[in-house]
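Chemist: Here's the letter readout for the chains.
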Amino acid sequence: MSGEEEENAAELKIGDEFLKAKCLMNCEVALILEHKYEQLQKTSDDPMNQVSQVFEKSLQYVKRFSRYKNPDAVRQVREILSRYQLAEFELCVLGNLCPETVEEAIAMVPSIKYFYSIIKCGHPHTRGRAHDDEAIEKMLNDLSLIKKFE
Amino acid sequence: MFFHIVLERNMQLHPRHFGRNLREHLISKLMKDVEGTCSGRHGFVVAITGVESIGKGLIRDGTGFVTFPVKYQCVVFRPFKGEILEAVVTMVNKMGFFAEAGPVQIFVSNHLIPDDMEFQSGDMPNYTTSDGSVKIQKDSEVRLKIIGTRVDATEIFCIGTIKDDFLGVINDPTTI
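First to last, the sequence lines map onto chains R and S.
The first sequence maps to residues 1 to 150 in our numbering.
The second sequence maps to residues 1 to 176 in our numbering.
Rather than coming from a laboratory, the hints here were simulated on the basis of the structure.
Among the clues, some could well be false.
Below are the BS3-like pairs computed for lysine-lysine, each with C-alpha atoms no more than 25 Å apart in a straight line [stated by the list, open to error]:
#1 R:63 <-> S:138
#2 R:13 <-> S:81
#3 S:81 <-> R:20
#4 R:69 <-> R:138
To spell it out: a stretch of chain R is covered by chain S in this simulated footprint if at least three of its residues, at any positions, have a beta carbon under 8 Å from a beta carbon of chain S; those stretches are [unchecked claim]:
#5 24-33
#6 51-58
#7 61-68
#8 92-106
Glycine residues also receive a C-beta, built at the ideal position from the N, C-alpha and C atoms.
Between the sequences and the hints, there should be enough to build the whole structure, so can you do that?
Modeler: Laid out in structure tokens, this is it:
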């Protein structure tokens, strides 16, 4: 794991352990935690007493900030975003924040700009900006369509 | 950001639990011990979702306790410097405001709030732009960027900013 000083999510420096780990979008976490909470409800009368404060706060948070409620939509979001060869972390930031414009998307996930150029041509900064923007724009369109038809 | 990761822990079990239900005892003890804890390296452990493997137990000299290495999958919340996320404002004062994103607390100092927002005291302290169009108060939802984290044994604390493009209030509780 990299040192504390080097950590910077904007450049995707989040340590090897987390870079390779599976990231979860808020809506996915909501599905997992709600399922777990329902199971607890079956086995105990007062489930809120059984769970930790961390669990309770996380559940409230992901319920409040889930962009997609329907489990099928959640699956679709991940499927669509994973077509764009994003890192897990980038995928989840985009899925959580749902930026509306290319500019906003790059501000939220500065690393996609750089990442895209590496993936597409082997070495960075040789591909024109317009093309990158086009790909990002298409991705954002796909995302907003899911939201619309949810 | 939430992650789904595999962690390992050595669990000590009292000999009275040895029997058919050893596995259940071990797992319920694991949940009790681990869920809700926080470490600087992995962040907050929100929920255990599964147990991958339980290794061979080793008897501790002198006590009779047995140590089992347990590998388990769990959902953790780990904030990163540079990460942008949404949070709920919990307290506003003249020094800035506190917000919560799941289990983590984030402080945004008034130096990191746009200069055109002024502090207004009163029974509902808030930061408001001069034209009154944007207001940050308790229960507002804001999008912020984490610029620093402080880790101690049981807590992670973050410093954030809303002084950048596309950051700031997402919705205002008074206008809904």
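Chemist: Hint by hint, say whether it matches the structure.
Modeler: Checked hints:
Restraint check for residue 63 (chain R) and residue 138 (chain S): the C-alpha separation of about 18 Å stays at or below 25 Å, so the hint holds. For a cut-off of 25 Å, the pair hint linking residue 13 (chain R) to residue 81 (chain S) stands: about 9 Å separates their Cα positions. Using a Cα cut-off of 25 Å, the hinted pair residue 81 (chain S) and residue 20 (chain R) holds, with the two alpha carbons roughly 18 Å apart. Between residue 69 (chain R) and residue 138 (chain R) the alpha-carbon distance is near 23 Å, which keeps this suggested pair within the 25 Å criterion.
Counting residues of the stretch 24-33 of chain R whose C-beta sits closer than 8 Å to any C-beta of chain S gives 7, which meets the bar of three, so the coverage hint holds. Coverage of the stretch 51-58 of chain R by chain S holds [criterion: at least 3 residues with CB-CB distance below 8 Å; count 7]. Given a C-beta distance limit of less than 8 Å, the hint that chain S covers the stretch 61-68 of chain R holds, as 4 residues qualify and 3 suffice. A count of 7 residues in the stretch 92-106 of chain R with a Cβ less than 8 Å from any Cβ of chain S is obtained; the coverage claim is therefore met, three being the minimum.
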